[in-house]
Amino acid sequence: MNNSLIINILRFVLLVITQVLIFNNLNFLGFINPFVYVIFFYWYPIKGNRAIFMLTAFLLGLVIDIFSDTLALNALASVTIAYARPSIMRFCFGVNYDFQNFSFKNTTKLQRITFMALLIFIHHLIFFSFEILSIAHILLILKKVFATGAITLILCVLFSSLFSPKSE
Numbered sequence: 002m003n004n005s006l007i008i009n010i011l012r013f014v015l016l017v018i019t020q021v022l023i024f025n026n027l028n029f030l031g032f033i034n035p036f037v038y039v040i041f042f043y044w045y046p047i048k049g050n051r052a053i054f055m056l057t058a059f060l061l062g063l064v065i066d067i068f069s070d071t072l073a074l075n076a077l078a079s080v081t082i083a084y085a086r087p088s089i090m091r092f093c094f095g096v097n098y099d100f101q102n103f104s105f106k107n108t109t110k111l112q113r114i115t116f117m118a119l120l121i122f123i124h125h126l127i128f129f130s131f132e133i134l135s136i137a138h139i140l141l142i143l144k145k146v147f148a149t150g151a152i153t154l155i156l157c158v159l160f161s162s163l164f165s166p167k168s169e
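With positions in the sequence shown counted from 1, the corresponding number in my numbering is that position plus 1.
Worth flagging that the hints you see were computed from the coordinates, not collected in a lab.
Where hints are given, some of them may not hold.
Using C-beta positions, here's what the derived DEER-type ranges look like [to be verified]:
| id | residue 1 | residue 2 | range |
| --- | --- | --- | --- |
| 1 | S135 | N3 | 27 to 37 Å |
| 2 | A73 | I23 | 19 to 29 Å |
| 3 | S5 | L163 | 16 to 26 Å |
| 4 | S135 | A73 | 14 to 24 Å |
| 5 | P46 | E132 | 28 to 38 Å |
| 6 | N28 | L134 | 18 to 28 Å |
| 7 | F92 | G49 | 14 to 24 Å |
| 8 | G49 | T109 | 35 to 45 Å |
| 9 | S69 | A148 | 12 to 22 Å |
| 10 | N107 | L63 | 25 to 35 Å |
Bear in mind that the values here come from a model prediction, so they are computed numbers and not experimental data.
Ideal Cβ positions, reconstructed from N, Cα and C, are used throughout, including at glycine.
Using the sequences and the hints given, assemble the complete structure.
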């Protein structure tokens, strides 16, 4: 087994445990539960196999759904952002992403935070839209997306600065 695979398996397991045991039980202001496991999609290797990434995203979302009792909403949102990740990276990093030697350490902090924010926003928009499933409640959906997204982004940036390699 190579080192990258072991690190990704460890991240997967630790993020599931952290999400299920800690963050699913938080209830800021009565409705904000951060989804910190979304940082997995930020940390996943850029040059990784896309099929394995999609399968891993589905499994991550499904495991979170099983423990959270959310009827595959996390799986749907996770697969969506895994599928959209290359387009989001191209949007955030421009033509630099298309080169073979692309690395996060060659990007600015603002670009990385924008990338993470877009991942979180799309995940939350999909999740809460399908959770509420009513266009009549669009303001409630947007309130949940932005409030939960802001807290999730703050926690993910904090986790990223604490647990990412110093070269980033």
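Results for each hint:
1. As the Cβ distance of S135 to N3 is approximately 46 Å, the hint placing it in 27 to 37 Å is violated.
2. A hinted range of 19 to 29 Å holds for the C-beta pair A73 and I23, which are about 22 Å apart.
3. A hinted range of 16 to 26 Å holds for the C-beta pair S5 and L163, which are about 20 Å apart.
4. One distance hint, 14 to 24 Å for the beta-carbon pair S135 and A73, holds here, with the actual separation near 18 Å.
5. The beta-carbon spacing between P46 and E132, approximately 30 Å, falls within the hinted interval of 28 to 38 Å.
6. Between N28 and L134 the beta carbon distance is about 22 Å. The supplied range of 18 to 28 Å therefore holds.
7. For F92 and G49, the Cβ-Cβ distance of about 19 Å falls inside the hinted range of 14 to 24 Å, so the restraint holds.
8. Hint check: G49 to T109, Cβ distance near 23 Å, so the stated range 35 to 45 Å is violated.
9. Taken as a hint, the range 12 to 22 Å holds for the pair S69 and A148, whose Cβ atoms sit roughly 18 Å apart.
10. The hinted range of 25 to 35 Å is satisfied by N107 and L63, whose Cβ atoms lie roughly 34 Å apart.
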